[in-house]
Amino acid sequence: MTTSVSAPAALASAKRRTGRGLDRGFRYLAVGSGVLIVAVLASVAVFLLIRAWPALRAGESISSEVGWIPAGSSVLSVIGPLVFGTVLAAIVALVIAVPVAVGIALFISHYAPRRIANALGYMVDLLAAIPSVVYGLWGVMVLAPMLHPIFQWMVKWLGWIPLFAGDSAGNASNPPRVLMTAALVLAVMILPIITAVCREVFLTTPPLHEEAALALGATRWEMIRMAVLPYGRSGIISAAMLGLGRALGETMAVLMVLSPGLAYSFKLLVASQQQTIAANIAAKFNDATEMGVSALIATGLALFVITMAVNMVARGIVARRKDFSGAN
Amino acid sequence: MASTNTVPEVTAEDLRRSLSRVDPARKRTDVIMRVVVYIAFALAMAPLISLVWSVLVRGVGRLDTYFLLNSMRNVFGGMDAGGAYHAIVGTLVITGWAALISVPIGLMVAIYLVEYGTGRLAKAVTFLVDVMTGIPSIVAGLFAFALFYLLIGPQKAGIIGSVALALLMTPVVIRSSEEMLRLVPNELREASYALGVPKWLTTIKVVLRTAVAGLTTGVMLAIARVIGETAPLIITVGMTNSINNDVFRENMMTLPVYVWQQFGLGLVPCREGATDCIATINFDRAWAAALTLILIVMLLNLVARGVSRWFAPKVRG
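From first to last, the protein sequence lines stand for chains A and B.
With the working numbering as the guide, the letters of the first sequence map in order to residues 92 to 419.
With the working numbering as the guide, the letters of the second sequence map in order to residues 16 to 332.
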């Protein structure tokens, strides 16, 4: 009799105990996953550093082992032109993409009729869904042939600007596998993310600001200039930085479009001048020797550091904005 | 008297005019900016339309069941043969493994952030997840390569690519899951606690159950985002012309890498008058594979949006 009473009680207490154990286990699992994310990000840097170390330590002797490194250079001295090419391509892409993206965002948030605005936003998001390799294929086979006459015209009339200078014969390269083409494809690829962030920011402009501007007799553009743009300035900046991060790390479009070189050259319309880090890795990795792989990973580490820095600054701006604005 | 009467009449006219009409210069700026904004939108639509159109027109010719069901084994030169079956299988298997790795981790991190996370660690995790979304895909590939180099030496295998893709996919899963879990009303959790249900069971049976449609959508969109990744797969999985279903052994082919490989093969030098040789066969295959890839991505997007629309928990009166 006593056992029959105590058995359920024992069962209940056992159940409670395992329940509490499960509860604790689940919490540890959740916290562990959070810690794992921190660990993974740290280990990315650590593993890359481990694999890059032999190339970094080898100094100038590496040029005899790795074919694509010019004689007498170390890894650090070829990272220079690669970083230059990467940053140049990304910045040109950004200069093209940001004004267009702000325009699209304004169109969707303030110009288009409310009913179709969402559908239009979805159309822009579709751009983000297209795989980068398809952009590369389109860029080199469809876009590039269309661009050559335009580039030729630019060299002829704007050639006095160093960026648009022609080759030694005063021509734009044909086929135009040049940095400008690559940057245009990159610009199309980063449009969606810049547009998305700008649109969000523009839509959170306090209606009172807008209405106050309109009540003072402002036209729509004046309202945008006085209320929407000042409010969204930090958002536009961080959107641009996010786009910059994307453009810095993009591989396929550059790999398929650009004819590579290793020079510090600002010539956007001449082939075989610059190369980006990501495209260089993808192009060289499969044929590389042990030391070659190490050298490529060293350049990858540089790319990682640059993109992390850009993204951290961008996210920092977004986060600070969130803290201070009352609109969220 | 007359003069004082006429003066207000003129000012009233002026007043009406100046109130009903904007100063022409300001109006001009307004119109110009409106046109500029419309042009910006058209500029963005032009590449989208051009891209989709050219992929459709150039890819549809070769996209048939033969293309979808045959590999490139023993296909060479300008032969009118060869397909992307091995690449499609490789893409599905590798992306599937990537999802298998990243979805549980991503979901648990999201649960941590929403249900448990407080203090410095949660802040750090939120920030790092944001930063992680910005990792270049090629760096993810290098990381997976370096990780497996330590474990098994310099080899290529599908699973290495899956790890690289998982690294890219996890932050996307976390971000979307976190948003979905935050949408679950606190009253549901409190009601569950009040009935004596422990927290872990509440999380699984109430919170996850309520958010399941949104979670599925998020995961599918994350898959759609990584399924087109090329660069990390080039350096971790390599390529092959044969069918390989085993992620733990040997090179595999994936659809994006297939596009790149076929493009890289370029024009075939055909003999004059040869009837069994198509000069542009490699480009044709590349476009057909690109079309296949876009169709897969679009399908995932559509299904994902459908899931969130049809399977969202119904609000009962």
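No lab work stands behind these hints: they were computed from the structure.
Glycine included, C-beta positions come from ideal geometry on N, C-alpha and C.
There could be a bad hint or two in this list.
Examples of chain B residues lying across from chain A (beta carbon under 8 Å, computed) [to be verified]:
{"hint": "1", "residue": "Ala27"}
{"hint": "2", "residue": "Asp29"}
{"hint": "3", "residue": "Leu30"}
{"hint": "4", "residue": "Met48"}
{"hint": "5", "residue": "Val50"}
{"hint": "6", "residue": "Ala59"}
{"hint": "7", "residue": "Ser65"}
{"hint": "8", "residue": "Glu130"}
{"hint": "9", "residue": "Leu136"}
{"hint": "10", "residue": "Val146"}
{"hint": "11", "residue": "Tyr208"}
{"hint": "12", "residue": "Ala209"}
{"hint": "13", "residue": "Phe263"}
{"hint": "14", "residue": "Leu282"}
{"hint": "15", "residue": "Ile309"}
Now for the hints, and whether the structure bears them out:
1. Ala27: violated, 19 Å
2. Asp29: violated, 16 Å
3. Leu30: It is violated, given that the least Cβ distance between leucine 30 of chain B and chain A is near 13 Å, above 8 Å.
4. Met48: Given a least distance of 4 Å, the restraint on methionine 48 of chain B holds.
5. Val50: Violated, because the Cβ-Cβ distance from valine 50 of chain B to chain A comes to roughly 11 Å (cut-off 8 Å).
6. Ala59: Interface hint status for alanine 59 of chain B: holds (5 Å vs cutoff 8 Å).
7. Ser65: Check passed: Cβ of serine 65 of chain B comes within 6 Å of chain A, closer than 8 Å.
8. Glu130: holds, 7 Å
9. Leu136: holds, 6 Å
10. Val146: holds, 5 Å
11. Tyr208: With a minimum Cβ separation of about 12 Å from chain A (threshold 8 Å), the hint on tyrosine 208 of chain B is violated.
12. Ala209: Interface hint status for alanine 209 of chain B: violated (16 Å vs cutoff 8 Å).
13. Phe263: violated, 20 Å
14. Leu282: violated, 12 Å
15. Ile309: holds, 6 Å
Violated hints, in rising order: 1, 2, 3, 5, 11, 12, 13 and 14; the structure is consistent with all others.
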